[in-house]
Structures are given as C-alpha cells and as structure tokens.
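Chemist: Each chain, written out:
2 protein chains.
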Amino acid sequence: MKIIVDAFGGDNAPLEIIKGCVDAVNEFGIHIILTGDENKIKEVAQSNSLSMNNIEVYNCTQVITMDDSADSVLKSKKDSSMAVGIKLLNEGKGDAFISAGSSGALCMGATLAVKRIKGIKRPAFAPMLPTANGFFMLMDGGANIDCRPEMLVQFALMGSIYLEKVMDIKNPKVGLANVGTEEHKGTELYQTAHELLAANDKINFIGNVEGRDISEGICDLLVCDGFTGNLILKTYEGVAITLMNEMKKMFSGSTKGKLSACLVMKDLKAMKAHFDYNKYGGAPILGASRPVFKAHGNAKANTIKNAIRLSINYVKADAINEITSSL
Amino acid sequence: MKIIVDAFGGDNAPLEIIKGCVDAVNEFGIHIILTGDENKIKEVAQSNSLSMNNIEVYNCTQVITMDDSADSVLKSKKDSSMAVGIKLLNEGKGDAFISAGSSGALCMGATLAVKRIKGIKRPAFAPMLPTANGFFMLMDGGANIDCRPEMLVQFALMGSIYLEKVMDIKNPKVGLANVGTEEHKGTELYQTAHELLAANDKINFIGNVEGRDISEGICDLLVCDGFTGNLILKTYEGVAITLMNEMKKMFSGSTKGKLSACLVMKDLKAMKAHFDYNKYGGAPILGASRPVFKAHGNAKANTIKNAIRLSINYVKADAINEITSSL
Numbered sequence: 007m008k009i010i011v012d013a014f015g016g017d018n019a020p021l022e023i024i025k026g027c028v029d030a031v032n033e034f035g036i037h038i039i040l041t042g043d044e045n046k047i048k049e050v051a052q053s054n055s056l057s058m059n060n061i062e063v064y065n066c067t068q069v070i071t072m073d074d075s076a077d078s079v080l081k082s083k084k085d086s087s088m089a090v091g092i093k094l095l096n097e098g099k100g101d102a103f104i105s106a107g108s109s110g111a112l113c114m115g116a117t118l119a120v121k122r123i124k125g126i127k128r129p130a131f132a133p134m135l136p137t138a139n140g141f142f143m144l145m146d147g148g149a150n151i152d153c154r155p156e157m158l159v160q161f162a163l164m165g166s167i168y169l170e171k172v173m174d175i176k177n178p179k180v181g182l183a184n185v186g187t188e189e190h191k192g193t194e195l196y197q198t199a200h201e202l203l204a205a206n207d208k209i210n211f212i213g214n215v216e217g218r219d220i221s222e223g224i225c226d227l228l229v230c231d232g233f234t235g236n237l238i239l240k241t242y243e244g245v246a247i248t249l250m251n252e253m254k255k256m257f258s259g260s261t262k263g264k265l266s267a268c269l270v271m272k273d274l275k276a277m278k279a280h281f282d283y284n285k286y287g288g289a290p291i292l293g294a295s296r297p298v299f300k301a302h303g304n305a306k307a308n309t310i311k312n313a314i315r316l317s318i319n320y321v322k323a324d325a326i327n328e329i330t331s332s333l
Numbered sequence: 007m008k009i010i011v012d013a014f015g016g017d018n019a020p021l022e023i024i025k026g027c028v029d030a031v032n033e034f035g036i037h038i039i040l041t042g043d044e045n046k047i048k049e050v051a052q053s054n055s056l057s058m059n060n061i062e063v064y065n066c067t068q069v070i071t072m073d074d075s076a077d078s079v080l081k082s083k084k085d086s087s088m089a090v091g092i093k094l095l096n097e098g099k100g101d102a103f104i105s106a107g108s109s110g111a112l113c114m115g116a117t118l119a120v121k122r123i124k125g126i127k128r129p130a131f132a133p134m135l136p137t138a139n140g141f142f143m144l145m146d147g148g149a150n151i152d153c154r155p156e157m158l159v160q161f162a163l164m165g166s167i168y169l170e171k172v173m174d175i176k177n178p179k180v181g182l183a184n185v186g187t188e189e190h191k192g193t194e195l196y197q198t199a200h201e202l203l204a205a206n207d208k209i210n211f212i213g214n215v216e217g218r219d220i221s222e223g224i225c226d227l228l229v230c231d232g233f234t235g236n237l238i239l240k241t242y243e244g245v246a247i248t249l250m251n252e253m254k255k256m257f258s259g260s261t262k263g264k265l266s267a268c269l270v271m272k273d274l275k276a277m278k279a280h281f282d283y284n285k286y287g288g289a290p291i292l293g294a295s296r297p298v299f300k301a302h303g304n305a306k307a308n309t310i311k312n313a314i315r316l317s318i319n320y321v322k323a324d325a326i327n328e329i330t331s332s333l
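Sequence order for the protein chains is C and Y. The first sequence maps to residues 7 to 333 in this note's numbering. The second sequence maps to residues 7 to 333 in this note's numbering.
Read the hints as simulated data drawn from the structure, not as lab findings. A few of these clues could be false.
Derived DSBU-like pairs (lysine-lysine); straight-line CA-CA distance at most 30 Å [said to hold, decoys possible]: (1) Y:Lys262 <-> Y:Lys275; (2) C:Lys285 <-> Y:Lys254; (3) C:Lys275 <-> C:Lys124; (4) C:Lys254 <-> Y:Lys8; (5) Y:Lys285 <-> Y:Lys121; (6) Y:Lys262 <-> C:Lys278; (7) C:Lys306 <-> C:Lys46; (8) Y:Lys176 <-> Y:Lys208; (9) Y:Lys208 <-> Y:Lys255; (10) C:Lys275 <-> Y:Lys275; (11) C:Lys99 <-> C:Lys81; (12) C:Lys255 <-> Y:Lys264; (13) C:Lys84 <-> C:Lys208; (14) Y:Lys278 <-> C:Lys285; (15) Y:Lys285 <-> Y:Lys25; (16) C:Lys275 <-> Y:Lys262; (17) Y:Lys25 <-> C:Lys255; (18) Y:Lys208 <-> C:Lys264; (19) C:Lys8 <-> C:Lys322; (20) C:Lys254 <-> Y:Lys121; (21) C:Lys121 <-> C:Lys322; (22) C:Lys262 <-> Y:Lys272.
Remember, predicted model here, so these are calculated numbers, not experimental data.
One chain only, chain C, in its complex shape (with noise of 0.2 Å):
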C-alpha cells in the first residue's frame, strides 16, 4: 500500500510530517510519497537521522498557507505540495492522501479535483469530536454551505459505512442536528431530511438532536449543512478551549493552585487527553472516490501515524465499494 502525505501542512510542517511518516513506514509496513520541496525534507530527514526508506518524495515548489484562499489548491498554487498530493491521488500514483495544511483548501480540492464515488452528489468533511463518553462524527463540518435534503440522507450513509468499517462502531446512531426533538422542526431542509432519514433502513436514525445533548454522546454520527455544521464544530472547539485556558489561568496562577494541579494530575493529564481530537489522527473527506484525510492543523508525528493508520483502514475495509454499494 502507498499513502501520499503533504509534507508541509500544518503547524509543525515538515518535521513532525516525515516524523510521522517514517514511524509508519515502520509500524505498518507502507510505502510513502511524500509531497513538497524535496531538498528541504531531505535536509530535515537527514538532520533529525530520520531514514527515508521506503519514502519517495515528489518535488514541488508552493505551500498554501493559512492566508491563502480555499480556491488557491485548483488555481494560484497547483504546484503546491498539496495540490500536488491530490492530482497523484486522482491519477492512481497512491491509495489515499492526507494533509494537516487548510481544511478549506483540503475540501475544495477533495470535492471538485478528486473524482466522486457514482452516485454521491457531494463529498463532506468529517471530523471527530470529545463527548462526555467518547465521540462522534460530524457531517458535514464545513465543505457544502449549501445542501440538499438528500445530500444528508449521503452524509448519513457514508458516515455509517465509515464508522462501521474503519471505527468499529457497530450499527452507529445517526441524528440530525436541529432546534428541537419534533419531527417538523427546522427548516424545509431539515423536515425533508427528517422524513428521508426516517425512511431509510439502512440509517439507524434516532431522531433530531439539540445542541445541548450533542457533547453528552447521543449519537455516533450528527449529519447536518456545512454551514450548520462548520458553526457547531468551531464553537464546540472554541468553549471546550477557553474552558481549559480558565482552568489553566486557575491552576497555573497560584502556588496554591499548582500544588492542587499536583495532586490532580493524573485525572487533569487524562481529561487533556480525552478532549483532545488529535487522538483521531484524521477526519475523512467522505465522498471522494479515493481516500483523503485531513489531519488537524496542529498535528505531531503521533497525529499523522495515526492518520496513516486510519486511511490503511479505510483502503483495507474496502469502505468506497461499500457506499458505492449502499446507494
């Protein structure tokens, strides 16, 4: 198996990428390519002593950074490494691709450069987030603004077949996001919705969800917009951050706060960690018709293997015939 791997997305962009990339090389047997400028990474390789075995690298000149549009990948920058990465993907050269680098960049280029799966109307962005009792799927976090009943009715679906086949979740709780429990709540979108969803045999849909209930774990998988989705997923990251930053400020601010941090540590280290999504490794463009992955934009080594591991996976559970399959 060949994973492609954007050596330059990210926070800590190219040496926690390679770093990554070598320990999967390792743990998982792989071939990798890695994209971007080739005598950076090899500068970094060789000066960390990291081994590029069974690592290729496919040169190419541009970064899209933070700044640049969401279009940048299909226009201005496609000799960079991740439009570079995505025209590999599409032309067979691996079985899947992942980036740390813009989400917004990753789901343009996943969702118009990448071919679909037959049948799929739109490809969506799916990320993992914390619950009180483990996680759940979002779909779609933010790549269609605008949807159509029936493209949540392929969220719903593809989610499933994903968190079945790569999550080991069996037979997932699909919701769907809304403003109230009743069926003819939301807007025509979400009536429609409602109605397919509740229709549909193959979704174990359990009705709508309200924001309140969505961090306590309802649900395997809460299918909604982009729109929608995007808000949630920032704000429910941007409340679970400046909750932990108070909790630092309190800990951090005192003598007598550190030595209460002291004597929690062990619970404060593993609630860090239970909300902490890079655990996930990476969210699944779910609709393209070869796998990409966006990984977070902060990710370590540890993030990207796990990534890598995800999209092995993903190719191995042969999870695109089965949507293709389920339509």
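For this one, chain C is given, so just place chain Y on it according to the hints.
Modeler: What follows is chain Y alone, placed relative to chain C:
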C-alpha cells in the same frame, strides 16, 4: 411601574419566583402582577412568610410544561400563567412581562400575541452567554427559524440599542456568525446580510465571526438566523456543562481530588460564577412593542430579581422608542 411575572414558569416555581418578586418590590419600589393559581401562590407565600405587599395575583388555571408544544400558549393553554401574562401585557396592564417557562412558547407568544414594534419584521430571542472576558448577546437565539437578510440587520440594530441602553456597553461590536472571515463567505442569506450590515452606519459591524472566536469574546452581539443561533446557543451551553461536569467528577472522585478542590475553592467558585448565565437575569425578546423577558429555566429568586431589574432598565431607557426611531 408594574411588572407582570409568570409565577409558574421554570423549575423552581412558584416559591423562588415569588421570593424574587418580593425582593424586587423591596429593592426597586415597584408593583408586581403575578399570574397563576391564586390559592397556591397565597399558600406558598404564607407558609414562607413572604409579604405580598404591592404584589397582586391574577388567577388562572393552567400551566405550560416542558412537554407542551410551543403553540400551546396560543391554542390549548390560553388560560396558562404564561398566556395570561402575555395577554395582560398586550392590554397595557403592566410595563413588562417575565417568565422562566418554556423558551419556545414564550418566543411564540411574544412574537405572535404581543404587538410588534412598528417597522420590525420579526422579534428575536436574545440570550446572553459568558466568554473569556465577559459576555456576548446572541440574536436570534431561536425565535425565527427562517430569516431574510433585512431581519438580521434589524436584529443588529435592536441588539445594539439594548446593549448600549440597558447593559451600558458603549458602541457595541456586532459580528455576523459565519464559516470564515472573508465577506463572501456563507450562504446567500449571510452574504447579503454582510453587505447590508457593512453599509449601515448605525451598526458597529466588525465583520464575520467564526465559531472558534465566539467564546473568546470577539464581539458584544453575534447576529445570525434563529436555526443557526439556537444550535450555537445550545452547543455552547452543552459543551460548558459537559466540561464543568468532568471537572466536578475529577474534584469529587477521590480524597486527593477533594483536597485539590479546597486549595482552589475561591477560583473555582469565581469560574463557576463567571460561566453561570443566571447572573444575566433574563434574555429579552427584542422587537415586541412591550418588553418580554425569558428568565433561565432554573432561575432562583436572585435571577428573577435581576430579570426584573433589566426589565425596569429597559422600560426606563425608552429603548423601544429608540428602536422605532432607528429604523
């Protein structure tokens, strides 16, 4: 001044509601009309030695529960403490109405049964939420599922006046909830709303605000449609509650945890108080021609007193005339 209060709204009714009214009468020198079962109210007041001076009771037989649909306030429960309170307000029997009962029912009552401010298309629900450095107001928190761009501009105008006149915030910063900061982001509704907000010189518009930045307190007023707003509101509350519960478990789960909590008790209490939206008293439903306030469902006496204080300020500031002339 005479404030109408729903004696049977919320989890702690009627005792805490009556207590809050008694405190408000003593502190602000106002009159109160309590709506609800007269016998029950008098019995609770007597057995708790609460003086009913300057508090009159308007007897009615029904109560809207959390299981009732929002339209029960207009249909099956016209003799409920909430429906009767709204009716009395509409007839000019009091200057403002406060209820801690069902948000959905109160929004429906306030937007359909109370007259609107002349020129206002639809009233909106405007809850306050805590941030890292203070609070922000969210409009619309769920009263209007489908919105047009001009409605979002009216929310911005009404919210700005409320924040300035009632909450004492000079030149409040208004943000538009969106999936990116660039002006062309979002659905057509949001693109047009952005243009209109930017062109309106009565609004201190700071542009689009992403979910990640909301809890950092980037704006004083966040404007969006009621579907999106309700999901932001409840996701926000849900994540905060989940994390606070995790902290509670950490501190109460072991002897070390309890000792740790003792060391930072003062900071813990301050943090809890800061993230407790009860202190804001109530969320106005702005756009109704007379002030309507929703107090939090678990409102205690102090919350009710604070809601009464806000409603007095709202009346005194003549905010409704300000809104009319701003249109």
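Chemist: If you test the structure against every hint from before, which numbers come out violated?
Modeler: Hints 3, 4, 9, 13, 17, 18, 20 contradicted; others consistent.
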